[in-house]
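Add 842 to a position in the sequence shown, counting from 1, and you land on the number used in our numbering.
These are calculated hints, taken from the structure and not from any lab test. Note that beta-carbon positions come from the ideal geometry of N, C-alpha and C, so glycine has one too. Don't take each hint at face value.
Unchecked claim - Below are the DSBU-like pairs computed for lysine-lysine, each with C-alpha atoms no more than 30 Å apart in a straight line:
1. 1042 / 868
2. 879 / 1173
3. 1095 / 978
4. 905 / 978
5. 1095 / 1042
6. 905 / 879
7. 1173 / 1042
8. 980 / 905
9. 1173 / 1140
10. 879 / 980
11. 868 / 905
12. 879 / 1140
As the list claims (entries may be wrong) - Cβ pair distances, simulated, as ranges:
13. 985 / 912: 16 to 24 Å
14. 1175 / 912: 21 to 29 Å
15. 1151 / 939: 34 to 42 Å
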Amino acid sequence: MTLLFLILLLLLALAAQMRVFQCSLKMLRSDYWPERKIVDPEDPFDVVVSVRNMSSHYVPFVKVEEFFREPIHVLQQDVHISGDAVRGGALFTGTADLRAYQEVQFRIPVAVRERGRYVLGHPELAGGDFLGLREKTKTMEQYREIVVAPREIREPGIFQVMGSFLGDLSVRRFLYEDPVLTAGFREYTGREPMKMISWKQSARRGSWMVNQYDYTTEASVTVLLNLDSPMLTEERAEWCFSAARTVCAALEKERIPYRFRTNAVQAGGFHVDADVGEGLGEVHFLTVLECLGRGMAKAAGSLESLIRETEERERMAGETSRGIVFITPGKETVEGYGSSAGGSEHGNLLVLSAVREYEEMERKDR
């Protein structure tokens, strides 16, 4: 009787073992994602791998493996991390058991050394039986990426020219009147056009009166990043991306609205170039940083197309730029950029050239 009971118990255990093994992955829902989608170089963030038991049954064994290749490096150094000499990176391994409807999250602290757009590797999910004798694996097929923004430029020279440019921009805002903003009224001198006459105030006063307009309420800037240059190199392209970030950060600090456009090819994007409409604030700045992080050292179009399309989009959006920041790897210019070009009566022009910057640095080092 005892022997029969033991045999029956063994058969039940084998049946449970088989059932758990066959359903070990069907009962699990898995996902993974970066804690932030846009980060700075060497800025720590977590890659989260989530596994959830969707059944009312106990899952005795779950294993997650994710491989990280340079320049993504794992900051955590413990028993869960092992080097991979063959692939040249680090392998994270985490294990757990899950009760009914329980979820477990593995958080892996990582950082990226270089600017760019990186696709995270697909983690491997494994489930097994009670005894740990067999495993079934599957690959998490979700697509996840991380964009690393360029570093800011720390040389004092660029801050000096930016300070001068922003100072001129602030002064120029008081040189133009905004016909939408009426500050008051004044007597007609005979030099004002008829459209400035306030007929209502003239009737009240019994003499000719004209509208007194307020000055423009805010300046605005167009930031153009060009990579269409015979002098383009990887190093100069990186300088241009960093210069664009430095300029946009300065505009954010001064609360000056700006439009950003570049003809740099966008890695992994639906469009070959990037355009961010006029705006200000954290979301706007992060959108620009994403364009700069995705940017490749290759032009998607010509400089002429960059200028022409920017003018068209500004005209369609009703945006009027009072200043232009033109960033280029070579010695190109933006002559002829509508009414906002440097030689016009309407605005300021600041040209930041990677070649000229390197020449200036070499001259100072002599």
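Hints versus structure:
no. : hint                   : in the structure
1   : 1042 / 868             : 79 Å, violated
2   : 879 / 1173             : 34 Å, violated
3   : 1095 / 978             : 54 Å, violated
4   : 905 / 978              : 10 Å, holds
5   : 1095 / 1042            : 43 Å, violated
6   : 905 / 879              : 25 Å, holds
7   : 1173 / 1042            : 55 Å, violated
8   : 980 / 905              : 11 Å, holds
9   : 1173 / 1140            : 17 Å, holds
10  : 879 / 980              : 25 Å, holds
11  : 868 / 905              : 14 Å, holds
12  : 879 / 1140             : 23 Å, holds
13  : 985 / 912: 16 to 24 Å  : 21 Å, holds
14  : 1175 / 912: 21 to 29 Å : 39 Å, violated
15  : 1151 / 939: 34 to 42 Å : 57 Å, violated
Hints 1, 2, 3, 5, 7, 14 and 15, counting from the list given before, are not met by this structure.
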